[in-house]
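Going down the list, the sequences are from chains A and B. Residues in the first sequence are numbered from 18 upward in steps of one, following the working numbering. Residues in the second sequence are numbered from 2 upward in steps of one, following the working numbering.
These aren't lab readings, by the way, just hints derived from the structure by calculation. Hints are supplied without guarantee of correctness; some may be wrong.
[As the list claims (entries may be wrong)] The list that follows gives simulated cross-link-like pairs (lysine-lysine, BS3-like), each with its CA atoms no further than 30 Å apart:
id : chain 1 : residue 1 : chain 2 : residue 2
1  : A       : Lys117    : B       : Lys79
2  : B       : Lys69     : A       : Lys117
3  : B       : Lys69     : B       : Lys79
4  : A       : Lys85     : A       : Lys117
5  : B       : Lys79     : A       : Lys59
6  : A       : Lys85     : B       : Lys79
7  : A       : Lys85     : A       : Lys18
8  : A       : Lys117    : A       : Lys18
9  : B       : Lys25     : B       : Lys79
10 : A       : Lys59     : A       : Lys117
11 : B       : Lys25     : A       : Lys117
12 : B       : Lys25     : A       : Lys59
13 : B       : Lys69     : B       : Lys25
14 : A       : Lys18     : B       : Lys79
15 : A       : Lys18     : B       : Lys69
[Stated by the list, open to error] Label-pair restraints from in silico Cβ distances:
id : chain 1 : residue 1 : chain 2 : residue 2 : range
16 : B       : Asp57     : A       : Asn80     : 29 to 35 Å
17 : A       : Thr22     : B       : Arg86     : 23 to 29 Å
18 : B       : Met40     : A       : Val30     : 20 to 26 Å
19 : B       : Thr21     : A       : Arg72     : 39 to 45 Å
20 : A       : Asp56     : B       : Ser111    : 17 to 23 Å
Given the structure is predicted, the values throughout are model-derived calculations rather than measurements. Backbone N, C-alpha and C fix where the C-beta goes; we use that ideal spot for every residue, glycine too.
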Amino acid sequence: KQEVTQIPAALSVPEGENLVLNCSFTDSAIYNLQWFRQDPGKGLTSLLLIQSSQREQTSGRLNASLDKSSGRSTLYIAASQPGDSATYLCAGSMNTGFQKLVFGTGTRLLVSP
Amino acid sequence: DAGVIQSPRHEVTEMGQEVTLRCKPISGHNSLFWYRQTMMRGLELLIYFNNNVPIDDSGMPEDRFSAKMPNASFSTLKIQPSEPRDSAVYFCASSPYGQPQHFGDGTRLSIL
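Isolated chain B (complex conformation) (with noise of 0.2 Å):
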């Protein structure tokens, strides 16, 4: 079981670019989930996915956010233009219908 991989694992980049963060679910699991942590607010869902298709999306902090399921086995959460208030350490999760969530390790992203 190679648990669910998220990649860059860090990223710092300036304000105003464009941020891709990645993530790959373990094979099966039909729902994924994207969270962000900040000191201030704590572990907050962005939005997640049933089987490919966006189910709530109400986290989603401004319309700077999106994502992405393409397939099962890939995802994006994109931010363009990216802000300083925008670092945080962002998380994907993934689990199989209406069971508990197995979370990646989280990529963390600065913006200058």
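The shape of chain A in the complex, shown without the other chains (with noise of 0.2 Å):
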């Protein structure tokens, strides 16, 4: 069964870092992965998605990369805000489509300013 990890499960800093998440999947066999953004109460927003034949996408401020022989993706978001603060999560789909999601832990980023 795939199961996704995610370091650290959560991280408070101050505004202006520099700063990297992890996500690390048991099976290495994923198609693609996105990485979502949660406010509380709120549903996921997708952040960036790196489809299969991809190895890393970028939108603004962040920066998501895909190692698949190793099964593992970080997420690096520059010049931190604190409207960044949110719950991060990976997922990697396990077939061709975006259908089934094999969801990561989470990690809880809080930004101060």
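Starting from the two chains in their separate frames, assemble the complex, guided by the hints.
Structure (structure tokens):
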């Protein structure tokens, strides 16, 4: 059974720091990977997705990379802001579409002004 | 774009009662997903539909849980009878087939 671990489980940083969130899969045979953001009381918002032929994606201050050989992904957040405070979840799809997602345990991020 | 709409947003009921959660997917999306989120187990896929047909229900925990999608614009997740351990946030998501999913804001369910 696929298990997804995210490290750290929680992170508290001052505004302006660059930070890295980690995600690892016990089974490296994943096709696509997504990073989501979840705000309290809300659903998930997709931030970045890396499709099977890609190794990384960038959007603004966010960069995500995927190493399929090791089953590891990282989410890099540059120049963090208080508005980045949320829980970040990674998810891998075990088939060619984005149908059967397996989610990580999440990293709760707090960015202080 | 109205997004995925779930109702109710919050539900508190006593154990043994029937609970029905509702979901309206984004118009034009032909895949629909039900998830459960708890502190202990995180976010788990319960069941998903393509073109109103259940494709994979291997995540449904017990026979007390059932899901239906009578048409392209409506789905229900039913728990009967409910138990305290069913307390969780239940999310519905939809997507065009094979594309990234869009999530609703969830239903927070408390079984007393």
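Against the structure, the hints come out as follows:
no.	hint	verdict
1	A:Lys117 with B:Lys79	21 Å, holds
2	B:Lys69 with A:Lys117	18 Å, holds
3	B:Lys69 with B:Lys79	8 Å, holds
4	A:Lys85 with A:Lys117	18 Å, holds
5	B:Lys79 with A:Lys59	22 Å, holds
6	A:Lys85 with B:Lys79	38 Å, violated
7	A:Lys85 with A:Lys18	17 Å, holds
8	A:Lys117 with A:Lys18	13 Å, holds
9	B:Lys25 with B:Lys79	15 Å, holds
10	A:Lys59 with A:Lys117	21 Å, holds
11	B:Lys25 with A:Lys117	20 Å, holds
12	B:Lys25 with A:Lys59	16 Å, holds
13	B:Lys69 with B:Lys25	12 Å, holds
14	A:Lys18 with B:Lys79	26 Å, holds
15	A:Lys18 with B:Lys69	26 Å, holds
16	B:Asp57 with A:Asn80: 29 to 35 Å	32 Å, holds
17	A:Thr22 with B:Arg86: 23 to 29 Å	24 Å, holds
18	B:Met40 with A:Val30: 20 to 26 Å	23 Å, holds
19	B:Thr21 with A:Arg72: 39 to 45 Å	44 Å, holds
20	A:Asp56 with B:Ser111: 17 to 23 Å	21 Å, holds
Violation of the numbered hints given earlier is confined to hint 6; every other hint is satisfied by the structure.
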